[in-house]
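Listed here are the chains, written in short residue letters.
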Amino acid sequence: AQSVTQLGSHVSVSEGALVLLRCNYSSSVPPYLFWYVQYPNQGLQLLLKYTTGATLVKGINGFEAEFKKSETSFHLTKPSAHMSDAAEYFCAVSDQTGGGNKLTFGTGTQLKVEL
Amino acid sequence: EPEVTQTPSHQVTQMGQEVILRCVPISNHLYFYWYRQILGQKVEFLVSFYNNEISEKSEIFDDQFSVERPDGSNFTLKIRSTKLEDSAMYFCASLTVPNEQFFGPGTRLTVL
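Heads up: the sequence lines are chains S and C, in that order. Using the working numbering, read the first sequence as starting at 1 and increasing by one per residue. Using the working numbering, read the second sequence as starting at 1 and increasing by one per residue.
Bound conformation, chain S alone (with noise of 0.2 Å):
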């Protein structure tokens, strides 16, 4: 079974700060490992995924996530917060294997940019 432990429900920033969404997973398997943003009334958005080659992903919005193995950790950062970015994100993992690969989210965080 896989899980996902996002740290803080609730983050803020200031304009111009660095943003740091913690996530960790829990996978017998391989994992593919993606960020999600959903702004209010809205569906899921990919921001970015990391399956194979490359630890250090790019995303959107300049958004890059580290995934670390040896700390089952895949945490997204941004070096500069913008308000837009103001939003709930959801890390999420599958697995590699079968054809299913359904996701299992994190319980999110709620970003919040003040100026």
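If you're looking for bench data, these hints aren't it; they were derived computationally from the structure. It is possible that some hints are incorrect.
[Claimed, not checked] With the C-beta cut set under 8 Å, the calculated list includes, among others, these residues of chain C facing chain S:
id	residue
1	43
2	48
3	91
4	95
5	99
6	100
7	103
8	104
9	105
10	106
C-beta: ideal position from N, C-alpha, C; glycine also.
Given the structure of chain S, go ahead and fit chain C onto it with the hints provided.
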């Protein structure tokens, strides 16, 4: 850019009534999914569908739920007899290679 669409955007129903939520996945995708998100909670997997049959389902997906791909484009989720606790946002997703699920905008189901 291709996208997953869902209808209706909001459905209000009485407890005990049947509802059908509709999704049009991206045309060349082969795997289809339903997830739900109860207000304020995380997104939960309900069911995956491949080659015209369910490939995996969660504990939530009991006998009250069913899925169907009635034609080459639509993918539906039916709840036979809705309960108050079925109130949630329901997301459809479809999968391409490599493992990127595209999500629809969701249907907000309100059971009164």
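Checklist entry - Holds or violated: residue 106 of chain C as interface residue toward chain S, Cβ cutoff 8 Å? => result holds, 5 Å
Checklist entry - Does residue 43 of chain C pass the interface check with chain S, least Cβ-Cβ distance below 8 Å? => result The hint holds - residue 43 of chain C has a Cβ within 8 Å of chain S, the shortest such distance being about 4 Å.
Next on the checklist: Quick check on the hint: residue 48 of chain C CB to chain S CB, less than 8 Å?
Outcome noted: holds, 5 Å
Item to check | chain S contact restraint on residue 100 of chain C - CB to CB distance below 8 Å | outcome: holds, 6 Å
Next on the checklist: Just to be careful: measuring from the Cβ of residue 104 of chain C to every Cβ in chain S, is the smallest value less than 8 Å?
Outcome noted: At about 6 Å, which falls below the 8 Å cut-off, the nearest Cβ of chain S leaves the hint on residue 104 of chain C intact, so it holds.
Checklist entry - With 8 Å as the cut and Cβ atoms as the points, is residue 91 of chain C at the interface with chain S? => result holds, 6 Å
Next on the checklist: Would the hint on residue 99 of chain C be counted as holding, given a Cβ-Cβ threshold of 8 Å to chain S?
Outcome noted: holds, 5 Å
Checklist entry - Going by Cβ atoms only, is residue 103 of chain C closer than 8 Å to chain S? => result Hint on residue 103 of chain C: holds, closest Cβ of chain S at ~4 Å, below 8 Å.
Next on the checklist: Does residue 105 of chain C hold up as a contact with chain S if the rule is Cβ-Cβ below 8 Å?
Outcome noted: holds, 4 Å
Item to check | Hinted contact residue 95 of chain C with chain S - closest CB pair below 8 Å | outcome: Since chain S brings a Cβ to about 6 Å from residue 95 of chain C, closer than 8 Å, the hint holds.
Going down the numbered hints, you'll see the structure goes against none, and every one checks out.
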